[in-house]
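> Residue-level listing of the chains:
Number of protein chains: 2
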Amino acid sequence: MSNPILVNTLRGEVIENRHRGAIAVCDPHGRLVHAWGDVDALVYPRSSIKALQALPLVESGAADHFQLSDAELALACSSHGGEPEHTAAVHSWLTRLDLDEDALECGPHAPSNDEAAAALIFDHVAPGRIHNNCSGKHTGMLATSRFLEEETHGYIEREHPSQQRWIDALGEMTDLDMQRLPWSRDGCGIPVIAMPLKAIATAFARIAAPDDLPAARSSAVGRITAAIAAHPFMVAGSGRLCTEIMELTGRRVIVKTGADGVYTAALADKSLGIALKIDDGKSEAAQVAILAVLTKLDSMHAAELEALAQRCRMPITNTRGVLTGYRESAGL
Amino acid sequence: MSNPILVNTLRGEVIENRHRGAIAVCDPHGRLVHAWGDVDALVYPRSSIKALQALPLVESGAADHFQLSDAELALACSSHGGEPEHTAAVHSWLTRLDLDEDALECGPHAPSNDEAAAALIFDHVAPGRIHNNCSGKHTGMLATSRFLEEETHGYIEREHPSQQRWIDALGEMTDLDMQRLPWSRDGCGIPVIAMPLKAIATAFARIAAPDDLPAARSSAVGRITAAIAAHPFMVAGSGRLCTEIMELTGRRVIVKTGADGVYTAALADKSLGIALKIDDGKSEAAQVAILAVLTKLDSMHAAELEALAQRCRMPITNTRGVLTGYRESAGL
Chain A
2 MSNPILVNTL RGEVIENRHR GAIAVCDPHG RLVHAWGDVD ALVYPRSSIK ALQALPLVES
62 GAADHFQLSD AELALACSSH GGEPEHTAAV HSWLTRLDLD EDALECGPHA PSNDEAAAAL
122 IFDHVAPGRI HNNCSGKHTG MLATSRFLEE ETHGYIEREH PSQQRWIDAL GEMTDLDMQR
182 LPWSRDGCGI PVIAMPLKAI ATAFARIAAP DDLPAARSSA VGRITAAIAA HPFMVAGSGR
242 LCTEIMELTG RRVIVKTGAD GVYTAALADK SLGIALKIDD GKSEAAQVAI LAVLTKLDSM
302 HAAELEALAQ RCRMPITNTR GVLTGYRESA GL
Chain B
2 MSNPILVNTL RGEVIENRHR GAIAVCDPHG RLVHAWGDVD ALVYPRSSIK ALQALPLVES
62 GAADHFQLSD AELALACSSH GGEPEHTAAV HSWLTRLDLD EDALECGPHA PSNDEAAAAL
122 IFDHVAPGRI HNNCSGKHTG MLATSRFLEE ETHGYIEREH PSQQRWIDAL GEMTDLDMQR
182 LPWSRDGCGI PVIAMPLKAI ATAFARIAAP DDLPAARSSA VGRITAAIAA HPFMVAGSGR
242 LCTEIMELTG RRVIVKTGAD GVYTAALADK SLGIALKIDD GKSEAAQVAI LAVLTKLDSM
302 HAAELEALAQ RCRMPITNTR GVLTGYRESA GL
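Protein chains in written order, with my numbering: chain A, 2 to 333; chain B, 2 to 333.
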């Protein structure tokens, strides 16, 4: 069985590239409301579940103890662009934990934001761990560990309580037995666990409609989604789709990208969760696909879609600046 | 109908990304010797046909007139990395034509070679047209036009003789009526024509075994393939698969990548041509696929495959330098 084509790239009148994938839309009871493709196949959610991975930061009491700002909570859920605002906030937060960049166990990589990457090259500064798009998530894990007075060294290992906590929370939010699922290492070094898209969508439906969750969990979800909605820049950055969508929708549509063509969404007004994966891992195709499903579900207002028109049907230009085609939904 | 999965990306034990595609292997008579997927579907060959586009440069007499070196001929067939050796050679060639970078009608883009791109940023130099990976091809077109005393301004337009010449040659090499095929603009601004993979493979079989072509064509093909084989660095550059393969195989296996997941090959010792396209346009998948088909056809010697082992099964590491998986052939 092959998943349906979700996104095409046109050059002139000819389809040049095709992107297949699967999309699950679930309610908080785990019921599949819409599905395209094989939503039972195992996929790695990658960074798309950072809001879930941040639950222990709030539930442990660490967020209160360190008086975390909403911007810092948003950063804990981010795949940031490594822009100065992001790295300054991570640096300041680490300092309050009596830690520095060396405590981060994610590896270094150049900022995904082109300007920030060019600034480092120009200044002869090698990218550091703080520029890793996951440095906010890691700082959140370190904060919880510091608050609980754990050894922080080795906090990225699966056996460490830092990882066990979010894995347990994810098991509760997805109704999956996390111990039975295949896992590997994510780009930043922490574990990544493969799971069905429909389970991920269910967890995000519970993010969208947390009222039936235990009180402490419901409260933590509310605080995290409020923080994300208040600081969409901190979750991604300049020119990034996650930021652009949530600047328009606020808490009504919480979205998060994950590496290799993953996207999740929590639709507060519809009590639905979405999870999608592009088979070939193309991020730009996942962007077009999440907008297509949000459109299909009437989750975006007309003015919002208008503002994002060039995201829904992405113009492609060549090196001369001439329009050569579009990346667009194949139709859902 | 969907094309078969040609390449997978593994993270741990789980397949994270899948790349479908089609491959045609043809002989000089246009007979399909092997096929995977739909080889009749129209694809844009992009830069994979630059050796064919360089035919008029030799056949017109321009290459002789300007006493082009083999390195310059190879550059005319290149998608170069914008490294100093590439841009210096283009600059020197343009100067001999009494032209400068402004005559190039390709747009500017940052060198695809990371070091060359970083050097420009560090020096506060904006990328120029000369850094465009196609600047050698454009200089070859300008050389022919200068030799024939044509107006060079607007040489990238389909109506200009510069384009008509290679389109005519391509029609002869593929047995296709170029006027009936859909076309658009390539990344560098010249026309790009959509055609069946099997026709592209046939043209490369004729590159591999040019003896049955008209004498002037056969001679031009021989001169071009000799130049490419003698200067594989000029065709691509540092760390590039095309260069690495041909540094090992010389003229026996001539390969060329094209944007959006295309690869072609001309197998001199087997009189076969190969053309492949990854549906989703992923270049790294096309690299694995071309090596898989070359292996399947016994076109690479054991020592060559050994030298390219990490290209055939590409290790993927995370930001910590930890191996997380492989990009590998799904089996042909």
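Keep in mind that the hints were calculated from the coordinates and are not lab data. Warning: the hint list may mix true and false statements.
[Claimed, not checked] Chain A side only, calculated, beta carbon under 10 Å to chain B, not exhaustive:
| # | residue |
| --- | --- |
| 1 | Pro109 |
| 2 | Ala119 |
| 3 | Arg186 |
| 4 | Asp187 |
| 5 | Val193 |
| 6 | Leu214 |
| 7 | Ala217 |
| 8 | Arg218 |
| 9 | Ser220 |
| 10 | Gly262 |
| 11 | Asp281 |
[What the hints assert, rightly or not] Computed spacing ranges between beta-carbons, pair by pair:
| # | chain 1 | residue 1 | chain 2 | residue 2 | range |
| --- | --- | --- | --- | --- | --- |
| 12 | B | Gly322 | A | Pro215 | 47 to 55 Å |
| 13 | A | Ser284 | B | Lys297 | 27 to 35 Å |
| 14 | A | Gly31 | B | Glu116 | 24 to 32 Å |
[Claimed, not checked] Some chain A residues near chain B, calculated using beta-carbon distances under 7 Å:
| # | residue |
| --- | --- |
| 15 | Arg12 |
| 16 | Asn18 |
| 17 | Met315 |
| 18 | Ile317 |
| 19 | Thr320 |
Here the structure is a predicted model, which means the values were calculated and not measured. Note that the Cβ used here is the ideal one computed from N, Cα and C, for glycine as well.
> Give a verdict on every hint.
Cross-check of the supplied hints:
{"no.": "1", "hint": "Pro109", "result": "6 Å, holds"}
{"no.": "2", "hint": "Ala119", "result": "5 Å, holds"}
{"no.": "3", "hint": "Arg186", "result": "5 Å, holds"}
{"no.": "4", "hint": "Asp187", "result": "7 Å, holds"}
{"no.": "5", "hint": "Val193", "result": "7 Å, holds"}
{"no.": "6", "hint": "Leu214", "result": "29 Å, violated"}
{"no.": "7", "hint": "Ala217", "result": "33 Å, violated"}
{"no.": "8", "hint": "Arg218", "result": "28 Å, violated"}
{"no.": "9", "hint": "Ser220", "result": "33 Å, violated"}
{"no.": "10", "hint": "Gly262", "result": "7 Å, holds"}
{"no.": "11", "hint": "Asp281", "result": "4 Å, holds"}
{"no.": "12", "hint": "B:Gly322 / A:Pro215: 47 to 55 Å", "result": "40 Å, violated"}
{"no.": "13", "hint": "A:Ser284 / B:Lys297: 27 to 35 Å", "result": "31 Å, holds"}
{"no.": "14", "hint": "A:Gly31 / B:Glu116: 24 to 32 Å", "result": "50 Å, violated"}
{"no.": "15", "hint": "Arg12", "result": "5 Å, holds"}
{"no.": "16", "hint": "Asn18", "result": "4 Å, holds"}
{"no.": "17", "hint": "Met315", "result": "14 Å, violated"}
{"no.": "18", "hint": "Ile317", "result": "10 Å, violated"}
{"no.": "19", "hint": "Thr320", "result": "3 Å, holds"}
In terms of the numbered hints stated before, the structure departs from hints 6, 7, 8, 9, 12, 14, 17, 18, listed from lowest to highest.
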